[in-house]
Each structure stands twice: as structure tokens, then as C-alpha cells.
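My request is simple: use the sequences and hints to build the entire structure.
There are 2 protein chains.
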Amino acid sequence: MMHYPAPLQNVIEELKKLPGVGQRTAERLAFHLLNQPAAEVESLREALRALKERITLCRECCNFADVDGDGGSEGPGPRCAICRDPGRDRSVICVVSHPQELWKIEKSGGYQGLYHVLGGLISPLRDVHPEDLQIESLMRRLHRGSIREVILALDPTVEGEHTSLYLARQIKPLGVVITRIAQGVPIGRDLEFTDEATLSRALQGRVRVVL
Amino acid sequence: MMHYPAPLQNVIEELKKLPGVGQRTAERLAFHLLNQPAAEVESLREALRALKERITLCRECCNFADVDGDGGSEGPGPRCAICRDPGRDRSVICVVSHPQELWKIEKSGGYQGLYHVLGGLISPLRDVHPEDLQIESLMRRLHRGSIREVILALDPTVEGEHTSLYLARQIKPLGVVITRIAQGVPIGRDLEFTDEATLSRALQGRVRVVL
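As they're listed, the protein sequences go chains A and B.
Quick note on numbering: the working numbering labels position 173 of the first sequence as 173, and the sequence is numbered without any gaps.
Quick note on numbering: the working numbering labels position 196 of the second sequence as 196, and the sequence is numbered without any gaps.
Hints are supplied without guarantee of correctness; some may be wrong.
If chains are identical, the list can't say which one is meant, so a pair holds when it fits in one copy or spans any two.
In silico DMTMM-like pairs for lysine to aspartate or glutamate, Cα to Cα no more than 25 angstroms straight-line [stated by the list, open to error]:
#, residue 1, residue 2
1, K52, E161
2, K16, E106
3, K17, E53
4, K107, D68
5, K104, E27
6, K107, E27
7, K52, E13
8, K17, E192
9, K17, E46
10, K107, E13
11, K52, E40
12, K104, E13
13, K172, E149
14, K16, D66
15, K17, E27
16, K107, D190
17, K172, D155
18, K104, D85
19, K107, E192
20, K52, D68
21, K17, E131
22, K17, E40
23, K16, E27
If you are wondering where the hints come from, they were derived from the structure by calculation, not from laboratory data.
Right under this line is the structure:
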């Protein structure tokens, strides 16, 4: 059997490194790109260049930020669009592990405060310790004194629970209100298909029905 | 809701242009790329550059070819690895519509001859006419006289049948044997799930069982 020309094979190999992209998908994408005008492929290449060159971490909350983002009067480095937004409630910080979760919460439309992105979860097994995460920068923000509440919105997993507990212990002495997002049955799913741990948690967290 | 920083949003928009990539997949891929080392993304960008700069059409069969491919002694332009391979049977040409199908046949391992890639199928509805396809170059190859058989391996669709008929009429005066790939029930699929047109064609094309 004859193999693909090297430049085509290379693109297939590169695409296969992406999550969820196997041999067949990589081939389909590579052939598609080969058939596109050069300007289209160039436009993808340019977007990828800008992605790595222009995205940095917000100096406040460690969310992704555009390097061109206004850094404000204090300190160096850009701030993300949320930290720059004068309309946000600056007395609440929602702590998430990754920017993806921050945007998920933004899409839900139910939150108007600020965020803090840890960059992961504490996990001794994977050699991730508190000092590897953006915990010190969170504590610095809290020490400034204007924060009234910290909402912990971490994964409902062993690592997430462990990290929440660690953070709660660190934050408690500051007298800031610490809350965490509710755990229970997901909306729109049959109870029948909900796992036992979730059901048990939903029962523990039951709330009074007020008529 | 706050939107993604522009460089991230741009990559998502570019990825969404790819076949089979929707908003969620594009977001997942963009975040993945954002978390990769810059060298990884650069390596994808470089592969994409080479794809458009180094892949051209083989001057013989119109398959994709590396521009660095040896063009041989006659004529300008590179030849693909198949046309350059001295081990191939140079008396048979298999006609396909796109390079993807050529490689599919190569992977099947059942063919040792040469190919000719039309670049599409005749389709008056989509404004694709014989002169838009690589038919003239096919006829030039056949006129050179060393080809004994032309195998038509086009889609079993209205457009494929139409193109096969057109080609057969063009080639017939040259006295070359014209064949087409067998149509029938696909291997490994239950007869129950085979459509009627295919079954009817499979019955028409039945072959004698020799014991």
C-alpha cells in the first residue's frame, strides 16, 4: 500500500494529537483543509498563532485574558474582561478549577460576581499540591478586605472535595462567608438514571417547600 | 454573560468551519490547544503551512503529490509516489473521483495498477461539466497507447453512473478494455439491512458458483 505524501501525513499526525480526534477524523479534516483555499488555512494558522501569543492569565483572577486587556492603574499585567467590568459585584468571588468552568457559569447567566481560577485541584496522587495552584493569589485578594463571600464551585469529586476543604480552612480565619454550590439531582434528568451518591446527597440537602 | 477573549473566540470560529466540528467540540479543542506548550501548537501550524505549500497534483494521474516528488525525465511537475513506483502495473488505470477513494483502494491492498483522479463527477445540476474534470489528461494518457484496461471506480450514484457512461463512450473508440468495480451486497452486513436497489443489483450481477 502506498502512503500519503509526507505533508499530508504530518497534518494527520498533528490532528490526531487533539482530544477526540482519531485516524478517520484526522484524515477527513486533513483532506478538507487540503481542498480549502490557501487563505482559509492561513486564517486558521493565524488564529492559532494569536491564541498562544495573545492569551495570558488575568493578574487578578487567573482567568484567560487578552494581553491587550487594560491592566488598570495598579500593578502590571492585563486583567480579564470580567475583572475590568465595572458592573460586577466586587464583594463575591466564585472559585473554580479551570477557565472552562468559569465560562460555563457565565453562560448559565446566574452569577454577577468575580471569579478566581485555581488552575487545577489538589491531588497528591498526581503530584499537585496547594503551592502548584493559584491559592496564594486568592488569599492575597481576600486579605485586601473587600470580599464578603467566597463561593466554592469545584468538581463534586474526591479531589474537588479535598480542595474545597483545604480552601475553607485557609479562608475561615479571615471571617469571610464561605459557601459551596448545591449538590443534588441534575435538572431535566429522570431520577431513575441518577446515581445513588447523588440521590443520597440530594436527600441530605433537601430544602423546605414553602407554600 | 462575558464572552471569550477575542483570540480564543477566533480559534473557536475557525475550528467551527471544519466538517463535523460544532460549538462544543471547537471549544474543547481550543481550550486543549491553549493548554498545550507553544511548541505543540507551532508544530500543528507548521504542518498546516506545509500542507498547502508542498502538496500539488501529480502531473500524470492528478493524485496529490509532494512538490519535492521526482518528476522523472519527461515533462515538468512532480509525480506522485504511485506513478513513480516501478513495481506498479503500468497497463491498468483505475479511475476515481477524488484522492480519498484512491487511498481507500490502496488500503484494501487488492490493486497494483495506476490511477487517474478526475477531481469530481459530472453533475449538470451542480454546474460540473466534463471540461471541469481531469478527463482530457486521462484521454492523453490512453492515447499514448500502453494502457490495456481502464477500471471505472466511481460512486454508485446517479452522478457516478453518468460519469462512468460518459467516460466509457469516450474511451471505447481507443479499443481499451473498460471495466467497472462490482456492485452488490457489502461484506459483513446483514442482507436484512441492505437496501432494495443494492439487492436488485446484486441479483443482476450474480456469478456462477464453481465447485
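Each hint tested on the structure:
no.	hint	verdict
1	K52 - E161	neither (32 angstroms within a copy, 49 angstroms between copies)
2	K16 - E106	between (31 angstroms within a copy, 21 angstroms between copies)
3	K17 - E53	both (21 angstroms within a copy, 22 angstroms between copies)
4	K107 - D68	within (24 angstroms within a copy, 49 angstroms between copies)
5	K104 - E27	between (31 angstroms within a copy, 11 angstroms between copies)
6	K107 - E27	between (33 angstroms within a copy, 13 angstroms between copies)
7	K52 - E13	both (20 angstroms within a copy, 16 angstroms between copies)
8	K17 - E192	neither (37 angstroms within a copy, 39 angstroms between copies)
9	K17 - E46	both (20 angstroms within a copy, 15 angstroms between copies)
10	K107 - E13	between (34 angstroms within a copy, 18 angstroms between copies)
11	K52 - E40	both (19 angstroms within a copy, 10 angstroms between copies)
12	K104 - E13	between (31 angstroms within a copy, 18 angstroms between copies)
13	K172 - E149	within (11 angstroms within a copy, 84 angstroms between copies)
14	K16 - D66	between (28 angstroms within a copy, 21 angstroms between copies)
15	K17 - E27	both (13 angstroms within a copy, 16 angstroms between copies)
16	K107 - D190	within (24 angstroms within a copy, 46 angstroms between copies)
17	K172 - D155	within (21 angstroms within a copy, 69 angstroms between copies)
18	K104 - D85	within (18 angstroms within a copy, 54 angstroms between copies)
19	K107 - E192	neither (28 angstroms within a copy, 46 angstroms between copies)
20	K52 - D68	within (13 angstroms within a copy, 31 angstroms between copies)
21	K17 - E131	neither (30 angstroms within a copy, 40 angstroms between copies)
22	K17 - E40	both (22 angstroms within a copy, 9 angstroms between copies)
23	K16 - E27	both (9 angstroms within a copy, 17 angstroms between copies)
When the structure is compared with the earlier hints, violations turn up for hints 1, 8, 19, 21 and for no others.
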